[in-house]
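Let chain A serve as the given structure and place chain B on it in line with the hints.
Each chain is listed here by its residues.
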Amino acid sequence: MKRITCLLISTLLILSSLLMLGGCGGSKSANVVRVYNWGDYIDEEVLDMFEEETGIKVIYDTFETNEEMYPKIAAGGVDYDVICPSDYMIEKLLANNLLLEINFENIPNLSYIQKSVMEMSKAFDPENKYSVPYTYGTLGIIYNTKIIKDEIDSWDALWNEAYSGEILMYNSPRDLFTAPLMRLGYSINTTDKQQLREAADMLLEQKPLLQRYVMDQIKDSLISESAAIAMAYSGEVLAIQEKNENLAYVIPKEGTNYFIDSWVIPTCAENKANAEAWINFLNRPDIAYKNFEYITYATPNTGAQELMDEELKDNPALFPSDEIVANCEVFHSLGDEGDQMYSDLWMEIKNASVK
Amino acid sequence: MNRKFLSFPYLIWMAGFTLIPLLLIFYYGLTDRAGGFTLDNVKAISSPECIQALLRSLKLSCISTVICLILAYPLAMILKHSKSRNSFIVFIFILPMWMNFLLRTMAWQVLLDKNGVINNILSFIGLPSLNMINTTSAIVFGMVYNFLPFMVLPMYNVLSKISDDTIEAAHDLGANAFQTFIKVILPLSVPGIVSGITMVFVPALTTFVISDILGGGMILLIGNVIEQEFTFSNNWNLGSGLSLVLMIFIIISMIMIAIFDKDGEGTVF
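In order, the protein sequence lines correspond to chains A and B. Sequential numbering of the first sequence, starting at 388, is according to the numbering used here. Sequential numbering of the second sequence, starting at 31, is according to the numbering used here.
Just so you know, the hints here were simulated from the structure itself, not pulled from any lab data. It is possible that some hints are incorrect.
[Claimed, not checked] Keeping only pairs whose Cα atoms sit at most 25 Å apart, straight-line, the calculated DSS-like set for lysine-lysine is:
1) 110(B) x 191(B)
2) 144(B) x 594(A)
3) 144(B) x 110(B)
4) 580(A) x 73(B)
5) 533(A) x 144(B)
6) 606(A) x 144(B)
7) 459(A) x 516(A)
8) 144(B) x 536(A)
9) 459(A) x 536(A)
10) 89(B) x 594(A)
11) 594(A) x 606(A)
12) 459(A) x 479(A)
13) 630(A) x 144(B)
[Unchecked claim] Output of the computed footprint for chain B on chain A, the stretches with three or more beta carbons under 8 Å from beta carbons of chain B:
14) 555-567
15) 591-599
Even for Gly, the Cβ is constructed at its ideal location relative to N, Cα and C.
Chain A with its partners taken away, still in its complex shape:
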């Protein structure tokens, strides 16, 4: 009999722990805002300043990738009030009805946001109703002008045999495929088999020239000059240039990916007004500038832009010219099948032997 009770208790415990994992759980708490942001994507002093000025307590969590963030929001196990995903992920959240409309009356500082960035945001938030841009940027080429004397303005440079062994490419399929797709003049959101095949063949042809596929280590490799040329997101550029002044950033003339990371409010938010107060606070020019100084990603906040040094205003990493932006595309969510196509081709590329 006792054994049966034991068994019952344990099944109950297991079941209840399972239940706790799913469903919009957790208790309602007082004056807080639960923020879910990219790792290392804010000056942490700003958290204290916000708490001090508004009296709203910040509960701050971070994620490393959009893909890691999505299931948590979709499962609703945690009640974040405000999150900061990238463009295509906002599109996916929106398509799955996981976002709330923002009440812009609570965000007067929206007036500081650069109009052109709001315009680009329409790619994933057609009526600008759900998102407030936080950072934006481009995918380009960063190279060492001391080692590479040629003028670089095209993705072709990453296929130049003269730089064999000096080239780094991103270790993530969507970013990686941007280079060949743009070079071929196709959309970076294509799911056309033929076009993707051509792009994959181009990457296969490139593989013997590469030093390696990397993510974050791109910074270190370029700074230590163990690689001379790499694809890189503009947000990293300032931090890299600070450590090695020989490095230059160009946006290829064929066009590239234009990304926007924006604040959105998920449906399971319990403190919507606080979330809006948070977004408003981040867009106060001095706060936006403080965050820019820390994360060095281009800010769409015109108030913060005015506070920047003059010399930064020529940097294409921060202020891409309008004609280049016209050639750029925002990533769209491709759905499971689309992702699988990229993934399969990428696997084939990674599986190809080098030597």
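Just chain B now, with coordinates in the frame of chain A:
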């Protein structure tokens, strides 16, 4: 009854952290995205990319296991014989394990890099620099470096249990040092060897971090394929299906332990 009650936390632990996750992997592995039963995720192992990645993983993990074996056995013998200082040597040997495995691997990346520490030293003393990073050898090196302690400890455990009396008896009966080793020490240390082999082979077979960091993402192992399905394609079903295939190899190694190490002598912890 009281004693049984004490085991209760462990039962929950086992259910929550071993049994349920395992069942979830089976569930995902045998269903498609819509939730219907399918064997496609397991059959996906037969695609050329997966097969080649699996064979490559098997090859590299076999090589590193053999290298670990060759390095570890003499070391374990030395440890057994240097009675007075051996605890200090063992301590030195497991000291690196206090640091995070990822950190140590990244440190090797810095050391082996093209403009890294080793090449800088080489060029300083006028030698040509070596191409070490992003190669298969770098991956094997990383595996050996990270998993060697798992080979040494079970062997040392088993060897130190062989009583000196046994060895003296062998000498008394006329065996020379070589015969003693072949006929007495080696057979007695088999449980440790088998345990060490599986403790190196299994993590080496499934690793994806070492090939990413030291192989520069240029060499695809089966662990990378699975990681990719989870992190990029968001296809948990396929990733779990492939994990199930890998589990076969782990089960084989567990059976080997069960056969050769009946008394659990070779276990480290």
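Broken hints, by number = 3 and 9
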